[in-house]
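Those protein sequences? They're chains A and B, same order as listed. Here the first sequence stands for residues 1 to 372, where the numbers follow this note's numbering. Here the second sequence stands for residues 373 to 696, where the numbers follow this note's numbering.
None of these hints come from the bench; they were simulated from the model. Please read all numbers here as calculations on a predicted model, not as lab measurements. Treat each hint with caution, since some may be false.
To be verified - Some chain A residues flagged as far from chain B (calculated, every beta-carbon gap over 10 Å):
no.: 1; residue: Asp20
no.: 2; residue: Val182
no.: 3; residue: Asp267
no.: 4; residue: Trp281
no.: 5; residue: Thr301
no.: 6; residue: Thr326
As the list claims (entries may be wrong) - Taking lysine to any residue and the SDA-like style, the derived pairs with C-alpha atoms no more than 20 Å apart in a straight line are:
no.: 7; chain 1: A; residue 1: Lys184; chain 2: B; residue 2: Gly421
no.: 8; chain 1: A; residue 1: Lys184; chain 2: B; residue 2: Asp393
no.: 9; chain 1: A; residue 1: Lys151; chain 2: B; residue 2: Glu422
no.: 10; chain 1: A; residue 1: Lys328; chain 2: B; residue 2: Gly479
no.: 11; chain 1: B; residue 1: Lys394; chain 2: A; residue 2: Arg153
no.: 12; chain 1: B; residue 1: Lys553; chain 2: A; residue 2: Gly154
no.: 13; chain 1: A; residue 1: Lys348; chain 2: B; residue 2: His511
no.: 14; chain 1: A; residue 1: Lys328; chain 2: B; residue 2: Gly478
no.: 15; chain 1: B; residue 1: Lys448; chain 2: A; residue 2: Gly154
no.: 16; chain 1: A; residue 1: Lys348; chain 2: B; residue 2: Thr567
no.: 17; chain 1: A; residue 1: Lys348; chain 2: B; residue 2: Ala650
no.: 18; chain 1: A; residue 1: Lys348; chain 2: B; residue 2: Ile654
no.: 19; chain 1: B; residue 1: Lys448; chain 2: A; residue 2: Glu155
no.: 20; chain 1: B; residue 1: Lys448; chain 2: A; residue 2: Lys348
no.: 21; chain 1: A; residue 1: Lys184; chain 2: B; residue 2: Pro429
no.: 22; chain 1: A; residue 1: Lys184; chain 2: B; residue 2: Glu423
no.: 23; chain 1: B; residue 1: Lys448; chain 2: A; residue 2: Lys328
no.: 24; chain 1: A; residue 1: Lys151; chain 2: B; residue 2: Asn395
no.: 25; chain 1: A; residue 1: Lys151; chain 2: B; residue 2: His511
no.: 26; chain 1: A; residue 1: Lys184; chain 2: B; residue 2: Gly404
no.: 27; chain 1: A; residue 1: Lys348; chain 2: B; residue 2: Thr512
no.: 28; chain 1: A; residue 1: Lys348; chain 2: B; residue 2: Thr417
no.: 29; chain 1: A; residue 1: Lys151; chain 2: B; residue 2: Thr417
no.: 30; chain 1: A; residue 1: Lys156; chain 2: B; residue 2: Glu423
no.: 31; chain 1: A; residue 1: Lys151; chain 2: B; residue 2: Glu423
All C-beta atoms, glycine included, are put in the ideal place defined by N, C-alpha and C.
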Amino acid sequence: MTSAELRTVIEPDGHVKVRDLGLTDAELLHCYRTMLRVRAFDDTCLKLQRSGRIGFSIPNKGVEATQVGAASALKKSDWIFPSYRDFGMALHLGISPLEMMHNMFGDAADGAKGRQMPVHFSFTEPVKFVSISSPIGTHIVQAVGAAHAMKLRGEKTIALASFGDGGTSSLGFHSGLNFAAVWKSPVVFLCQNNQWAISCPVEKQTASDGFAIKAQAYGMPGILVDGNDLLAVRAAVLEAAERARKGKGPTLIEAKTFRMGGHSTSDDPTRYVPKEMVAEWERKDPVARFERFLGKRKLWTEKTREQYYSEAMAEIDVAAKEAAATPKPALETIFTDVYATLPAHLRKQGQQAFDVAARHGEAEAGGGAFPL
Amino acid sequence: MPNLTLIQAVNDGLRTAMRADKNVLVFGEDVGPKGGVFLATEGLTKEFGEERCFDTPLSEDGIVGAAIGMALNGMKPVAEIQFQDFIFPAFDQIVSEAAKFRYRSGGQYTCPMVIRTPYGGGIRGGLYHSQSGEAYFCHTPGLKVVIPSTPYDAKGLLLSSINDPDPVLFLEPKALYRSVKGEVPEGKYTVDLSTLRTVREGRNVTVFCYGAMVPVCQKAADKAAEKGVECLVVDLRTLLPLDEEGVLEAAKQTGRVVVVHEAPRFCGYGGEISALIAENCIEYMEAPIVRVTGFDTPFPNTLEHHYLPDERRVLDAIERVASW
Numbered sequence: 001m002t003s004a005e006l007r008t009v010i011e012p013d014g015h016v017k018v019r020d021l022g023l024t025d026a027e028l029l030h031c032y033r034t035m036l037r038v039r040a041f042d043d044t045c046l047k048l049q050r051s052g053r054i055g056f057s058i059p060n061k062g063v064e065a066t067q068v069g070a071a072s073a074l075k076k077s078d079w080i081f082p083s084y085r086d087f088g089m090a091l092h093l094g095i096s097p098l099e100m101m102h103n104m105f106g107d108a109a110d111g112a113k114g115r116q117m118p119v120h121f122s123f124t125e126p127v128k129f130v131s132i133s134s135p136i137g138t139h140i141v142q143a144v145g146a147a148h149a150m151k152l153r154g155e156k157t158i159a160l161a162s163f164g165d166g167g168t169s170s171l172g173f174h175s176g177l178n179f180a181a182v183w184k185s186p187v188v189f190l191c192q193n194n195q196w197a198i199s200c201p202v203e204k205q206t207a208s209d210g211f212a213i214k215a216q217a218y219g220m221p222g223i224l225v226d227g228n229d230l231l232a233v234r235a236a237v238l239e240a241a242e243r244a245r246k247g248k249g250p251t252l253i254e255a256k257t258f259r260m261g262g263h264s265t266s267d268d269p270t271r272y273v274p275k276e277m278v279a280e281w282e283r284k285d286p287v288a289r290f291e292r293f294l295g296k297r298k299l300w301t302e303k304t305r306e307q308y309y310s311e312a313m314a315e316i317d318v319a320a321k322e323a324a325a326t327p328k329p330a331l332e333t334i335f336t337d338v339y340a341t342l343p344a345h346l347r348k349q350g351q352q353a354f355d356v357a358a359r360h361g362e363a364e365a366g367g368g369a370f371p372l
Numbered sequence: 373m374p375n376l377t378l379i380q381a382v383n384d385g386l387r388t389a390m391r392a393d394k395n396v397l398v399f400g401e402d403v404g405p406k407g408g409v410f411l412a413t414e415g416l417t418k419e420f421g422e423e424r425c426f427d428t429p430l431s432e433d434g435i436v437g438a439a440i441g442m443a444l445n446g447m448k449p450v451a452e453i454q455f456q457d458f459i460f461p462a463f464d465q466i467v468s469e470a471a472k473f474r475y476r477s478g479g480q481y482t483c484p485m486v487i488r489t490p491y492g493g494g495i496r497g498g499l500y501h502s503q504s505g506e507a508y509f510c511h512t513p514g515l516k517v518v519i520p521s522t523p524y525d526a527k528g529l530l531l532s533s534i535n536d537p538d539p540v541l542f543l544e545p546k547a548l549y550r551s552v553k554g555e556v557p558e559g560k561y562t563v564d565l566s567t568l569r570t571v572r573e574g575r576n577v578t579v580f581c582y583g584a585m586v587p588v589c590q591k592a593a594d595k596a597a598e599k600g601v602e603c604l605v606v607d608l609r610t611l612l613p614l615d616e617e618g619v620l621e622a623a624k625q626t627g628r629v630v631v632v633h634e635a636p637r638f639c640g641y642g643g644e645i646s647a648l649i650a651e652n653c654i655e656y657m658e659a660p661i662v663r664v665t666g667f668d669t670p671f672p673n674t675l676e677h678h679y680l681p682d683e684r685r686v687l688d689a690i691e692r693v694a695s696w
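In isolation and in its complexed conformation, chain A is listed as follows:
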């Protein structure tokens, strides 16, 4: 039941054997556009971080095909439990760069009210892109709970939990896969094996022959797919989602890919990733591969890339400027949303914080009295 064979749809030269891809030309170009928007967002955030305007970012270069391929296989009513390197899924399903930029700047318009580090997104519309936390693997079993609720209500939606190779070592991976298989939950586990957990290579993470085969012992199918092949990832997620929607339970997908940048803007991968490995995977760049595929279908030229990329950069630049000009969250947002209603001790602490800020002339937010 486990396929250890790497599934591929797009050959390295862009050739595709399958005749019916199930996607229109417009949909293919939409996928391509999202990949370039991810790259443009990354490039912009790197500049913003290096110039000190945002504190932190997580680059996605190299894993765009996995993100977009997976997202393209989902319905908007499905739930995504993402890792911190997954925002291509959000972009593809309709979250705007502006909403994302508000999070990067932690400003007043950020859905999370500036409480989290950048890249810890939380969106509810048009798709449930569940609030990201930094602990690794905790969300995997939460996805199972959300999926179990769907099953109990007889819905045809599914949950997708996305995590990295490092995430498979976590408690949440084990309990998540185990619970989902026992309960036959409608959930898809997407392991993005980008081969590095910060500085730790896969062989320091597991002695297993990859991750897909781990599915077998949990009692679910495991699929190994070329993560740099957008259509292969899409096909695998579609297949897994279909099983889940039919009540046949979970699937583990391992998408083998490569993180072409650092773990984050605070990381220097040249200190630990061998140069030859970088060179090897540069040749497998998922965006270039998709371009060769589109080119063979007469959907792409160098001009297409320039046009899409510059359009994305323009859109993201406007978003960054708007976010930069948005005020910071009001002081009261430190204290709200801890509980549904503000308890007395937090009201008191909020007043104290406001009084100190007011004494130092820093309490514009709230306008004179602690507004809670």
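Could you slot chain B onto chain A? The hints should help.
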């Protein structure tokens, strides 16, 4: 009105909640057909089916993590952790996830859920079936921590917890499961969270306690009364968020305070009560604030009766502050 034990009141509370709302789901290790190792969920699978009261694999992280997912997606999970001593694999899910979802998502995602678990000593359970870990959780903004000490409160507080929009850790004093009985109304009623209960009025010494220490303090107060010292005994009931004003009022009434819990002393909940009083109304105090607690050791088995605060130790403390 039925006269129920505390565990029967918990069971009645769960049944009442499940009858009122089909989204209420009860699950954990052995909670299904067996009805839980203490029988808190007895009969629920039979009445509501395995879809609503079910067994889970043996993983506290999985139980709480899955409960969070269900709560995010509209269900009302009431998860059981078999013993509070085993909750620590779920610490990450409780502290990093359930308690922070509302905050970190700006209210977009919330976790209205209850984690029920028996805690505390008194059943010869040794290190791993006796601990009182409330302080770990009371240090977690976003979480509510509730501990009943009577059958009436057990049901009323449980129903409030299940209705609450935030995650609640509901700690059940297992020593009281079958040792206390009381009248419990049928059907639905609630006891508000973050409210204190006056167990006994008195003008000389204020004793703060909760859970299984409440009957201990009650007895000690009766003994003190025989010697002419009248104690105001206060059951805190909700440790987080605490009714701080109520605590300060009760402390001011006598100016002499004893705080009792069975958990270890250092960084225990009694330290917070003492500091709260010292910080806000030290000028009312006629005597040092005295704590009676478990020792700063792991929980012993054979000698647990020496470890647990008893009537004698509480009485000693009452007399000490009364005669200061």
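Each hint tested on the structure:
No Cβ of chain B approaches the Cβ of Asp20(A) within 10 Å, the least distance being about 34 Å, so the stated non-interface status holds. A beta-carbon of chain B comes within 10 Å of the beta-carbon of Val182(A); the shortest separation is about 6 Å. Against chain B, the non-interface label of Asp267(A) holds: every CB pair exceeds 10 Å, the least being about 22 Å. The beta carbon of Trp281(A) sits about 33 Å from the closest Cβ of chain B, which is more than 10 Å, so the claim that it is off the interface holds.
Residue placement check: Thr301(A) keeps its beta carbon more than 10 Å from all beta carbons of chain B (closest about 41 Å). With a minimum CB-CB distance of about 14 Å to chain B, Thr326(A) clears the 10 Å threshold, and the non-interface call stands. Under the criterion of a C-alpha separation no larger than 20 Å, the hint pairing Lys184(A) with Gly421(B) is consistent with the structure, at around 18 Å. A hinted pair counts as satisfied when its Cα atoms are at most 20 Å apart, and Lys184(A) with Asp393(B) does not qualify at roughly 24 Å.
Pair hint Lys151(A) plus Glu422(B) holds up; C-alpha atoms about 14 Å apart against a cutoff of 20 Å. Note on Lys328(A) and Gly479(B): the hinted pairing holds, with a Cα-Cα distance of about 18 Å set against a maximum of 20 Å. The hinted pair formed by Lys394(B) and Arg153(A) meets the criterion: a straight-line CA distance of about 11 Å does not exceed 20 Å. For a cut-off of 20 Å, the pair hint linking Lys553(B) to Gly154(A) is broken: about 42 Å separates their Cα positions.
Among the hinted pairs, Lys348(A) with His511(B) is consistent with the structure: their alpha-carbon atoms are about 18 Å apart, no more than 20 Å. Straight-line distance between C-alpha atoms of Lys328(A) and Gly478(B) comes to about 14 Å, which keeps the hinted pair within the 20 Å bound. Proximity of Lys448(B) to Gly154(A) is assessed by CA-CA distance (about 17 Å); at most 20 Å being required, the pair is judged to hold. Proximity of Lys348(A) to Thr567(B) is assessed by CA-CA distance (about 18 Å); at most 20 Å being required, the pair is judged to hold.
A C-alpha spacing of about 17 Å is found between Lys348(A) and Ala650(B), which places the hinted pair at or below 20 Å, so the restraint holds. The straight-line distance between the Cα atoms of Lys348(A) and Ile654(B) is roughly 19 Å, inside the 20 Å bound, and the hint therefore holds. A hinted pair counts as satisfied when its Cα atoms are at most 20 Å apart, and Lys448(B) with Glu155(A) qualifies at roughly 17 Å. A threshold of 20 Å between alpha carbons decides the hint, and for Lys448(B) with Lys348(A) the separation of about 31 Å lies outside it, so the pair is violated.
For the hint pairing Lys184(A) with Pro429(B), the CA-to-CA distance comes to about 13 Å; that is within 20 Å, so the pair holds. Proposed proximity of Lys184(A) and Glu423(B) is supported: the alpha carbons are some 13 Å apart, at most 20 Å. As the CA atoms of Lys448(B) and Lys328(A) are separated by approximately 35 Å, the hinted pair breaks the 20 Å bound. Our distance criterion of 20 Å between C-alpha atoms is met by Lys151(A) and Asn395(B), whose separation comes to about 13 Å.
Among the hinted pairs, Lys151(A) with His511(B) is inconsistent with the structure: their alpha-carbon atoms are about 35 Å apart, more than 20 Å. At most 20 Å may separate the alpha-carbon atoms for a hinted pair to count; Lys184(A) and Gly404(B) meet this at roughly 18 Å. Between Lys348(A) and Thr512(B) the CA atoms are separated by roughly 18 Å; this keeps the pair inside 20 Å, and the hint holds. The suggested pairing of Lys348(A) with Thr417(B) is violated, with an alpha-carbon distance near 45 Å, which exceeds 20 Å.
Between the alpha carbons of Lys151(A) and Thr417(B) the distance comes to roughly 18 Å, so the proposed pair stays at or under 20 Å and holds. The suggested pairing of Lys156(A) with Glu423(B) holds, with an alpha-carbon distance near 18 Å, which does not exceed 20 Å. Of the supplied pair hints, the one linking Lys151(A) and Glu423(B) holds, its CA atoms being roughly 10 Å apart against a limit of 20 Å.
Violated hints for the displayed structure, listed by number in ascending order: 2, 8, 12, 20, 23, 25 and 28.
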